[in-house]
Structure formats: C-alpha cells, structure tokens
Amino acid sequence: MDTSKLHYIYDPLCGWCYGAAELVKAARDVLPVQAHGGGMMTGARRQPVSAQLRDYVMPHDHRIAQLTGQPFGTAYFEGLLRDNTAVFDSAPPTAAILATETLAQRGLDMLALLQTAHYVEGQRIADHAVLLKLAGTLGLDTAAFAQALEQAEGAALDAHIADTRRLMASLGAQGFPSFALEHKGQFTVLDVSRFLGEPQKLRSWLISQLPAPEAASASGAQFGCGPDSCAI
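81 is the number that UniProt numbering gives to position 81 of the sequence shown; each next residue is one higher, with no gaps.
Hints listed in this document are in silico derivations from the structure and should not be mistaken for laboratory results. The reader is advised that the hints may include incorrect statements.
[To be verified] For lysine to aspartate or glutamate, the following EDC-like pairs were computed, each having C-alpha atoms within a straight-line distance of at most 16 Å:
hint, residue 1, residue 2
1, K5, E182
2, K201, D191
3, K184, E198
4, K25, D109
Every value quoted in this text rests on a predicted model; they were computed, and no experiment measured them.
Let the sequences and hints guide you as you build the complete structure.
Structure follows, in structure tokens:
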C-alpha cells in the first residue's frame, strides 16, 4: 500500500502560503496533505496593524498576485490594512485549523477559508467571533467547534508549533510555505516556486513522482516567508 503524503508547512498570515493555495488544492487531488502550522506571528511576534506594516506587506502582496493570480480584495488593502485596532496573530487561526481537523478532518478547508476571509474579505481572522462564523460556513457545529478551539489553544498549540519547528529544522526548511514528500519514512523537500500559478503542472508532476518521489530542483526564484516574518 502506498504510504506517500505531502507535508505542508504553513502560516495562515503568510502571503506566500496564500499564493500557494491553488497548489495545495491540486496536491490534495493526488495524495494526502498534512498541514503543520509554524507560528510565524505568535507571541512576541504578533503585530498590530500600522502604516509601517501596511507599507511593508503591500509590495509583497502585489508580487504574490502577479506571480500566482491569487486575488487580493479592496476590503483587505483599504480596510483591514488601515484598521489600526486589528492585530495580526497567527495563534487563533492556527488553533482553528487544528480544531477543524480534530472535528471533521477538514483543517485545510478551514485554512483556505481563513485565507479568503483575510486577503479578500479583509476580516480579522484572529477574532474568535470570525472563527466561529467560518466554522459555521464549513457546516461545523459551532458549540463543538468552540470547545475544540479552546482545547487547541494554549499548551496544545505551543506543542504543535514546536513540533513544526523541529520538522522544519530536520528538513532544512527556511520558512513558509515549505513542502516535503514523504514515502516510506523518507522525506524529499520540494521547490514549489517553479509551479507558482500552474497548479495542474504540480499535480502532473506529483503523479509522475509517486510512489517513489525524486528530489525536486533546489533552484528557482526567491519565494516564501521566513520563519518569523515575511522578510524573504
């Protein structure tokens, strides 16, 4: 029996992860994808929205849109990024993804919904009220989700992020997003920058590599967010 899976190291507030959303969707058509939240903007790395933050992220977002075709909404650029009462915090949305995975094995569906809510609709995805609403959109029982969310936060979330950071270190992964194929306990890190904007090309490549994936080229354009910021 084929035991291959694709490991996806992400952060819900990583713009390049949003840029890779269609690649993740295409990969899920081919093999199981396991998500690992890396906590890019958690704890002391949480950031209130400010003019400085807006000026920093907007050029990256425009480049992501250009390279991937992913849409960025006016509600994000002219709404959320001008809302000085908002805080960018990866912890609550990552916990929501873990809670959704626990309840319905749909963590990646929640991630996709969170990315649209953030980058297109300009919603504050660190707010529990928004997370509860999105859980309802997925058809989850909101009371059960609220309980699962509470259980996924705090020490459980810290442990998940620590596990992800250890995985990143073992793979030599430099930031988000990072992808690695696992087959029979062997990991192959992928350079997905060459597939940006071409999800079907990635899908075909994955099919061609299974069940014995070979190393993807390590060359390619600079792509992704660093482990603690989007400075890459």
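- Contradicted hints - numbers only: Failing hint: just 3.
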